[in-house]
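Undergrad: Those protein sequences? They're chains Z and R, same order as listed. Numbering of the first sequence is given in our numbering, commencing with residue 25 and proceeding in unit increments. Numbering of the second sequence is given in our numbering, commencing with residue 5 and proceeding in unit increments.
Just so you know, these hints were derived from the structure itself, not from any lab. Source: prediction; values computed, not measured. All residues carry an ideal CB built from backbone N, CA and C; glycine is no exception. It is possible that part of the hints are untrue.
Claimed, not checked - Among chain R residues calculated to face chain Z with C-beta under 10 angstroms, some are: (1) V24; (2) T25; (3) L91; (4) I93; (5) G168; (6) D179; (7) G185; (8) K187; (9) G188; (10) E190.
Said to hold, decoys possible - Sample of chain R residues at the chain Z side, in silico, Cβ under 10 angstroms: (11) V42; (12) I45; (13) V49; (14) E53; (15) A70; (16) R180.
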Amino acid sequence: MKRAALIAVVALFAAGCMEVEQTVTAEQRQAGSTVKRDTAAWNNEPLANGPKWAKGDRNSWEEQIKKRQLAQNESVRIGN
Amino acid sequence: MARMKFLCDAERCIECNGCVTACKQEHEVPWGVNRRRVVTINDGVIGAEKSISVACMHCSDAPCMAVCPVDCFYRTADGVVLHDKDLCIGCGYCFYACPFGAPQFPQAGAFGLRGKMDKCTFCAGGPEPDRSEAEFKKYGRNRLSEGKLPACAEMCSTKALLGGDGDVIADIYRDRVARRGNKGAEAWGWGSAYGQPPKGAAPAAAPAGGKS
């Protein structure tokens, strides 16, 4: 009886030792934080026959793409 | 900081499916996967037929990103919601979470086996090196890295579909609505969306044959 109780207590403690730590850090809990290997569009060299911006300069890339966005407004494009 | 968005003007969309075709052709999207599609309501009802082009709306607080068990989604610096196909397990949670039905799953094998999720990338590619063959094969062409806007929006013949920074395209749309004058209760569908005018008020003009 004493022996069975001892085995049960040891098994109980051993089970606790096998528990894998599952707590996550605040950073891991943030959705969308796992993938970090994409390159920003403005860090590319402009194409020879495409729109131009200074490589690595976000402002110049945004400036040229804003012109392109505004060109979707035909009232502005045709000067109406 | 730009927040890239799409805006489709239902008053202008003529259901030509040019955006759908442009997307398919630009990214060589496989059979059975539609990153963009045109939805039409009241088909054939004169004055009440309206179409809208729908794809991933690149939500600011994306539900797909919130539910993904492997956290394969991420948001780029210009607000585009993308995902990593190397991490995706094709579980389909994002499909159930998305209010626009944007996530698509190719039939990768027998018995209805789902492949890895595929969706509109706002022509921004994915986490592979920009303009690489690997990026094109997995995610399609990266037009943003070429300084261009999504092919669907640039192809749209009536400019119903606008793509770009949310503030810029909202300004274009606002200007357009002010010019054509059907703002507020005169707009088709206003009654369905925001309720009927109070009793005693002058009713809004309804289109012939249609229910506003």
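Undergrad: A separate judgement is required for each hint: does it hold in the structure or not?
TA: Hint check results:
The interface hint given for V24 (chain R) is violated, since its Cβ lies 18 angstroms from the closest Cβ of chain Z, which is over the 10 angstroms cut-off. Here the hint on T25 (chain R) is broken, as its CB sits about 19 angstroms from the closest CB of chain Z, past 10 angstroms. The interface hint given for L91 (chain R) is met, as the beta carbon of that residue sits about 7 angstroms from the closest beta carbon of chain Z, less than 10 angstroms. Contact between I93 (chain R) and chain Z, as hinted, is not supported at the beta carbon level, the nearest pair being about 13 angstroms apart and thus beyond 10 angstroms.
Hint on G168 (chain R) holds. Least Cβ distance to chain Z is approximately 3 angstroms, under the 10 angstroms limit. The interface hint given for D179 (chain R) holds, since its Cβ lies 7 angstroms from the closest Cβ of chain Z, which is under the 10 angstroms cut-off. At about 14 angstroms, the closest approach between the beta carbon of G185 (chain R) and any beta carbon in chain Z exceeds 10 angstroms, and the interface hint on this residue is violated. With 10 angstroms as the threshold, the beta carbon of K187 (chain R) stays out of range of chain Z, its nearest partner Cβ sitting at about 16 angstroms, so the hint is violated.
At about 21 angstroms, the closest approach between the beta carbon of G188 (chain R) and any beta carbon in chain Z exceeds 10 angstroms, and the interface hint on this residue is violated. A hinted interface residue such as E190 (chain R) counts as satisfied when its beta carbon comes closer than 10 angstroms to some beta carbon of chain Z; here the least separation is about 20 angstroms, so the hint is violated. A distance limit of 10 angstroms between C-beta atoms decides the matter here; for V42 (chain R) the minimum to chain Z is near 18 angstroms, and the interface restraint is violated. With its C-beta approaching chain Z no nearer than about 25 angstroms, I45 (chain R) sits outside the 10 angstroms limit, and its interface hint is violated.
A cut of 10 angstroms between beta carbons decides the hint on V49 (chain R): the least distance to chain Z is about 28 angstroms, and the hint is violated. For E53 (chain R), the interface hint is violated, since its Cβ never comes within 10 angstroms of a Cβ in chain Z; the closest pair sits about 23 angstroms apart. This hint holds: A70 (chain R) has a C-beta 5 angstroms from the nearest C-beta of chain Z, less than the 10 angstroms allowed. Among the interface hints, the one on R180 (chain R) holds; its C-beta lies about 7 angstroms from the nearest C-beta in chain Z, closer than the 10 angstroms criterion.
Of the hints listed earlier, those the structure fails to meet are numbers 1, 2, 4, 7, 8, 9, 10, 11, 12, 13, 14, in rising order.
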